[in-house]
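Q: For the record, in the sequence shown the residue sitting at position 2 is -13 according to the working numbering, with numbers rising by one throughout.
For the record, the hints were derived by calculation from the structure and aren't laboratory data.
Since we're looking at a predicted model, the values are computed, not measured.
Do not take every clue at face value.
Said to hold, decoys possible - Calculated pairs, PhoX-like style, for lysine-lysine (alpha carbon to alpha carbon, straight line, at most 20 Å):
1. K190 / K127
2. K152 / K190
3. K152 / K127
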Amino acid sequence: MNPIILIPARLGSTRLPGKPLADICGVPMIVHVLRRAWEADIGPVAVACAEQKIAEVVRAAGGTAVLTDPALPSGSDRIFAALRQLDPDGAHDVIINLQGDLPAIDPGLLAEVCRPILISRERFDIGTLVAPIGGAAEADAKSVVKAACAFAEGETVAPALYFSRNKIPSGEGPLWHHIGVYAYRREALARFVALPESPLERREKLEQLRALEAGMRIGVARVSHAPFGVDTLEDLAHARRVLGGGEEA
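Please take these sequences and the hints and turn them into a complete structure.
A: In structure tokens, the structure reads:
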């Protein structure tokens, strides 16, 4: 295992313009995420930037920044472009895609996301994370992506069968909140970004469905709770309270 953590970042968020540079307790959000990745201490870290302004902030904080084509359609495309610049010889066999809007993520989750592809008896192409859904409001929220998966007795890794913004699966039993952090086998990332957008991906607006529709296997590791992401001004205010020590995550 020789992982690298790549953080895609661009300024063009529609709901929160300039999001990576949003101030949280005197530090830009992208720098908070960079610090969490450093704290994981499992491999080198770089930010795949769409704009020079982000790169300057990352470098001023002591981080590695790679400029990528602003026209790239997704974070996955952005990290693959950065990977080819940083590691053209293929030394890194596991690529962790850490979203740039998770400023308070537990660094330990970056090791957990690797478990499906490194430890599981099954061969998965991609690893990701799920946490239990705790109530009706979370279950019904369209902003919370749900994973259809089932864990065997004593197991903490399971195959992901589907992802949806709707409440799945039906019937009695636990529901699982998908956490949008991924670990790819290197060859799986290369295959994934070469695939066209898939019908279910387009319908649900969930990129990971492209992989499932192409026959790729996604394994999920179960963790205790989901980190919060920053997508709105209300989320940003919450992040400032949490990272300022005034509120629990």
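Q: Against each hint, give a clear statement of whether it holds in the structure.
A: Hint by hint, here is what the structure shows:
A distance of roughly 11 Å separates the Cα atoms of K190 and K127; the hinted pair therefore holds under the 20 Å criterion. Distance hint between K152 and K190 is fulfilled; the C-alpha atoms sit about 15 Å from each other, no more than 20 Å. Annotation: proposed proximity of K152 to K127 holds, straight-line Cα distance about 9 Å (limit 20 Å).
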